[in-house]
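Heads up: the sequence lines are chains A and B, in that order. Residue numbers for the first sequence follow my numbering, so the first one is 5 and each next one is one higher. Residue numbers for the second sequence follow my numbering, so the first one is 5 and each next one is one higher.
Some hints could be false.
Copies of the same chain look alike in the list, so a pair counts if it fits in one copy or across any two.
Claimed, not checked - With a Cα cut of at most 20 Å, we get these calculated SDA-like pairs of lysine to any residue:
(1) Lys209 to Pro105
(2) Lys278 to Glu17
(3) Lys180 to Asn222
(4) Lys331 to Pro305
(5) Lys180 to Glu100
(6) Lys39 to Asp323
(7) Lys39 to Ser174
(8) Lys278 to Glu350
(9) Lys209 to Glu100
(10) Lys180 to Ala103
(11) Lys12 to Lys266
(12) Lys334 to Asp315
(13) Lys209 to Ser151
(14) Lys39 to Glu17
(15) Lys128 to Phe35
(16) Lys278 to Asp186
(17) Lys74 to Gln312
(18) Lys330 to His345
(19) Lys331 to Asn133
(20) Lys180 to Ser223
(21) Lys97 to Tyr203
(22) Lys334 to Pro146
(23) Lys278 to Glu293
(24) Lys74 to Asn222
(25) Lys278 to Asn222
(26) Lys266 to Lys334
(27) Lys9 to Asp57
Because the hints were derived from the structure by calculation, they are not lab data.
Protein chains: 2
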Amino acid sequence: MNITKTEKSRIEEVDFNNLTFGSVFTDHMFFCDYKNGAWQEPQIVPYGPISIDPSAKVFHYGQAVFEGMKAFKDDAGSTWLFRPEENWERINKSSERLAMPAFPKEFFFKGLETLLNLDNDWIKAGDGNALYIRPFVIATQPGVSASPSDQYRFMIICAPAQAYYSGEVSVLFAEKYSRAADGGVGFAKAAGNYASQFYPTNLAKERGYQQIVWTDANSHEYLEEAGTMNVFFRIGDTLLTAPTSDRILDGVTRKSIIQLAKDAGITVDVRPVKVSEIVAASKSGELKEIFGAGTAAVIVPFKSFGHQEKDYELPAQEDSYAARFKKALKDIQYNRATDPHGWRYEVK
Amino acid sequence: MNITKTEKSRIEEVDFNNLTFGSVFTDHMFFCDYKNGAWQEPQIVPYGPISIDPSAKVFHYGQAVFEGMKAFKDDAGSTWLFRPEENWERINKSSERLAMPAFPKEFFFKGLETLLNLDNDWIKAGDGNALYIRPFVIATQPGVSASPSDQYRFMIICAPAQAYYSGEVSVLFAEKYSRAADGGVGFAKAAGNYASQFYPTNLAKERGYQQIVWTDANSHEYLEEAGTMNVFFRIGDTLLTAPTSDRILDGVTRKSIIQLAKDAGITVDVRPVKVSEIVAASKSGELKEIFGAGTAAVIVPFKSFGHQEKDYELPAQEDSYAARFKKALKDIQYNRATDPHGWRYEVK
């Protein structure tokens, strides 16, 4: 690996107590180019603009995938990742669906760890502090014919993050717009899946909602995911969440919550969740919680949901599953609890 | 508009008789940046790489749209566009769906015409020769939060093109994978719509097909579009094509063919087209032609189609609609025929 260190760190310019999510990046970035059918020598260089042809396929055909990860620092100063192998596997699943080459495991981990060691001062200890890590791959071949690129760039960039404060979140159940088609790319972290949500989300925001919970495009009868988060429903003491499919992202936080719930003896029903049953459970008082789960926000409890011009408030919860799982996940992530499933990964 | 001319044209290096589609670009490119809520001073500069932050939203969230147009040179040396206002309107429709700002009409036409005049020598007269024009918009704001960019770049790049020779085209009717969801972005020329087709298209190519004709994601019972082309079916003497919808692109070539067919007294049925009726019409001998229609290829007659492991050959056609419409369109585009609908636009 070629490493070119920055001449002057920017870390002193950063106010770590006032970070906007994903807007300040560390001193270095990792990249590795694919050409002539092979990944080339990986490099770490000072963070900065890249030079790219205006006809590069990423600009025209959206051939791009990404991952979201976090590094945590414990009070003893050790750095930890959370189930990083899942992210490596998933970026390659995403890439396969977009006709992009897989990135080798050893390059992924070597690049990640070298970068995290180099920019280790950017990872702050303390609850809620983390380094958000963004691996991504873009199609760089120049040329505007609508076919897969034969050149790619894999990159990792990192942004220090504080506890994700989302405020009180009201969500809208989608009735008109859709996120993903059967047989489409909804399960992948494909770039285009995100831009397509912006406009409907803006419309929802105008109506006072912060996010959309997407429903199936065919009937809008089943609840799927929130676009950047999977969604869980608690009816009585049972936890419900939609099964993964070619429309729904196989979230790392999602699968971790399912395991934690099972460990705690909570019944978890992974099955299609009907809008009508959630509305009915809300009316009957059996619906206790809805929350989103994803790497950036960890767990976000929802305050209310909107469906067909009506809003349904969610009750305040004493023994909240959302709070319980969030604490359990964070305790593992920050090396404050035992790790029975081997999810923690020390960066050395 | 700021114009910086190239110091040395690359035109002498180009073999205009051996062009790979969309891979050689003219001497200049047009761009205009959007920031602080407004489009800034447009610029024309020598064609070359752009510098962009690795966290730019286009790379992560696919917030990007494009258009495809062509300029033609007639034998007297005049340069013509074909229905360019349609492209300007459509790029803004695409942008709206992706929460991107509209680009002003006067900027679009001023930029386009200035660029075409500057690089006019790159537009060659002669049947099949054209300049392929690619306007596009990318989200340039740095930052990896999943929300609309507040900075954009509108660009126009141009590539000289010869007659599009696609060989004999066999298409596969989609049965598993999908291009677009109801309530999604299929009608837009959104970047992400294209990358998602690459993998299924590769699978189809392994089976000997060149392209996929996409069907509705819900049932795969209705034929929609070919991803870079709309699709027409001729049963007896009637022309069939699917109606535009939020899943199907409103193609300029498509709507021009519908008009030309009506002008010629051909019955055009714009209605959902069932896979089963096309298979039945093929079996009964009533299916005369299937062809694709789009700016890059103009019209591509299909040789056969595959459905459920069976292939159906299309008969050779003496009075082919595909050939007739292709000639009629090109005669208008190259200023060789009258232009009753005012589709031609002279670049002055």
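Here is what the structure says about each hint:
1. Taking the closest pair of Cα atoms, Lys209 and Pro105 come within 20 Å of each other only across two copies (18 Å); inside a single copy the shortest separation is 37 Å, beyond that limit.
2. Taking identical chains as interchangeable, the C-alpha atoms of Lys278 and Glu17 are never at most 20 Å apart, the minima being 49 Å within one chain and 62 Å between chains.
3. Proximity of Lys180 to Asn222 under the C-alpha cut-off of 20 Å is found in both arrangements, the shortest distances being 10 Å within a copy and 15 Å between copies.
4. For a Cα distance limit of 20 Å, the shortest separation of Lys331 from Pro305 inside one copy, 13 Å, qualifies, whereas the shortest one across copies, 61 Å, does not.
5. Proximity of Lys180 to Glu100 under the C-alpha cut-off of 20 Å is restricted to the inter-copy arrangement: shortest distance 16 Å between copies versus 30 Å within a copy.
6. Taking CA atoms no more than 20 Å apart as the test, Lys39 paired with Asp323 passes in neither setting, with 54 Å inside one copy and 47 Å between copies.
7. For the homomeric pair Lys39 and Ser174, neither the shortest alpha-carbon distance inside one copy (46 Å) nor that between copies (30 Å) is at most 20 Å.
8. Taking the shortest Cα distances, Lys278 and Glu350 never come within 20 Å of each other, neither inside one copy (40 Å) nor across copies (56 Å).
9. Proximity of Lys209 to Glu100 under the C-alpha cut-off of 20 Å is restricted to the inter-copy arrangement: shortest distance 16 Å between copies versus 34 Å within a copy.
10. In this assembly of identical chains, Lys180 and Ala103 lie within 20 Å of each other by CA distance solely across copies; the values are 17 Å between and 30 Å within a copy.
11. Proximity of Lys12 and Lys266 under a CA criterion of 20 Å is satisfied in neither setting, with 49 Å inside one chain copy and 69 Å between copies.
12. Within a single copy, Lys334 and Asp315 get their C-alpha atoms no closer than 31 Å, and across copies no closer than 56 Å, so neither meets the 20 Å cut-off.
13. For a Cα distance limit of 20 Å, the shortest separation of Lys209 from Ser151 across copies, 12 Å, qualifies, whereas the shortest one inside one copy, 36 Å, does not.
14. In the homo-oligomer, the alpha carbons of Lys39 and Glu17 never lie at most 20 Å apart, since the shortest distance is 37 Å inside one protomer and 24 Å across protomers.
15. For a Cα distance limit of 20 Å, the shortest separation of Lys128 from Phe35 qualifies neither inside one copy, at 24 Å, nor across copies, at 41 Å.
16. Within a single copy, Lys278 and Asp186 get their C-alpha atoms as close as 17 Å, and across copies as close as 19 Å, so both meet the 20 Å cut-off.
17. With identical chains, the CA atoms of Lys74 and Gln312 are never at most 20 Å apart, being 37 Å at best within one copy and 45 Å at best between copies.
18. Taking the shortest Cα distances, Lys330 and His345 sit within 20 Å of each other inside one copy (16 Å), while across copies they are farther apart (64 Å).
19. Proximity of Lys331 and Asn133 under a CA criterion of 20 Å is satisfied intra-copy only: 14 Å inside one chain copy versus 65 Å between copies.
20. In this assembly of identical chains, Lys180 and Ser223 lie within 20 Å of each other by CA distance both inside one copy and across copies; the values are 10 Å within and 18 Å between.
21. In this assembly of identical chains, the alpha carbons of Lys97 and Tyr203 lie at most 20 Å apart only when taken from different copies (12 Å versus 27 Å within one copy).
22. Taking CA atoms no more than 20 Å apart as the test, Lys334 paired with Pro146 passes in neither setting, with 43 Å inside one copy and 28 Å between copies.
23. Taking CA atoms no more than 20 Å apart as the test, Lys278 paired with Glu293 passes inside one copy only; the shortest distance there is 15 Å, against 44 Å between copies.
24. Taking CA atoms no more than 20 Å apart as the test, Lys74 paired with Asn222 passes in neither setting, with 35 Å inside one copy and 37 Å between copies.
25. In the homo-oligomer, the alpha carbons of Lys278 and Asn222 lie at most 20 Å apart both inside one protomer (13 Å) and across protomers (18 Å), since each shortest distance falls under that limit.
26. With identical chains, the CA atoms of Lys266 and Lys334 are at most 20 Å apart within one copy only, with a shortest distance of 17 Å there and 66 Å across copies.
27. In this assembly of identical chains, the alpha carbons of Lys9 and Asp57 lie at most 20 Å apart only when taken from different copies (18 Å versus 26 Å within one copy).
Checked against the numbered hints above, the structure violates hints 2, 6, 7, 8, 11, 12, 14, 15, 17, 22, 24; every other hint is satisfied.
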